[in-house]
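J.: Listed here are the chains, written in short residue letters.
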Amino acid sequence: NAGVIQTPRHKVTGKGQEATLWCEPISGHSAVFWYRQTIVQGLEFLTYFRNQAPIDDSGMPKERFSAQMPNQSHSTLKIQSTQPQDSAVYLCASSLLGVSQNTLYFGAGTRLSVL
Amino acid sequence: AQKVTQTQTSISVMEKTTVTMDCVYETQDSSYFLFWYKQTASGEIVFLIRQDSYKKENATVGHYSLNFQKPKSSIGLIITATQIEDSAVYFCAMRPPNQGGSAKLIFGEGTKLTVSS
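Protein chains in written order, with the numbering used here: chain R, 52 to 166; chain Z, 7 to 123.
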């Protein structure tokens, strides 16, 4: 079991460029989460997929951010027109479904730096 | 509103001692799930231990245990016989059960633990 895989580990973009972050959940996990971590805001929830369907995107900034899960083996987080305030570590996590199985397993994260 | 609060920003202890990290939470639900995670210096976030609110017995895993006080909405993490490698940032998290189908965890601010020899 390779764990949750996130690529790239580091990404540097210029202001106004697009950034796409990738996540491969643990095989068999049907719940996928995206979080953002900064020193100031801590661990912020962004969005949640269950069986590839978007269930909760209450933490996603309304503009420029979007997430998809086209198949059970990967999810993407896309940030259009990146801004310096988007600089953060973006974390993907997965879990089994069911309240008794809801322990999240995190990937190593993608550190996004917007210059 | 659902909220998790860790008031201790940082704690320093000597190796082989016992440390307790505090966490309080706010929820209107009577049933919920509580977790502790550890983030190492490399940034890796690792699950440590969980407590289901309907269970009266405090959870224990290895040298981690919990002090669950439901009337006080408190879930403390106790680490016994601390080791240098326990140095990390510890996060408390809560999953309320009724979130419109969402399974997201709400995290506290984190407590940085430094263990010295």
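No wet-lab data here; the hints were simulated from the structure.
Ideal Cβ placement from N, Cα and C applies to all residues, glycine included.
Take these hints with a grain of salt, some might be off.
[Unchecked claim] Cut-off 25 Å, straight-line C-alpha distance, at most; resulting in silico cross-link-like pairs (SDA-like, lysine to any residue):
id : chain 1 : residue 1 : chain 2 : residue 2
1  : Z       : K9        : Z       : T23
2  : R       : K113      : Z       : S108
3  : R       : K113      : Z       : E50
4  : Z       : K9        : R       : G93
[Stated by the list, open to error] Label pairs and their computed distance ranges (CB to CB):
id : chain 1 : residue 1 : chain 2 : residue 2 : range
5  : Z       : S37       : R       : S117      : 19 to 25 Å
6  : Z       : K9        : R       : K113      : 31 to 37 Å
7  : R       : P135      : Z       : D58       : 40 to 46 Å
8  : R       : R60       : Z       : Q105      : 29 to 35 Å
9  : R       : G79       : Z       : I90       : 21 to 27 Å
10 : R       : P59       : Z       : E63       : 17 to 23 Å
11 : Z       : T46       : R       : P59       : 17 to 23 Å
12 : R       : T154      : Z       : E63       : 32 to 38 Å
13 : R       : N102      : Z       : T15       : 37 to 43 Å
14 : R       : S117      : Z       : K9        : 37 to 43 Å
15 : R       : A104      : Z       : P103      : 17 to 23 Å
16 : R       : Q119      : Z       : T46       : 44 to 50 Å
17 : R       : A53       : Z       : T24       : 49 to 55 Å
18 : R       : P59       : Z       : K9        : 29 to 35 Å
J.: So, against the hints stated earlier in the document, which numbers end up violated here?
T.: Hint check: 1, 3, 5, 6, 9, 10, 12, 14, 16, 17 fail, others pass.
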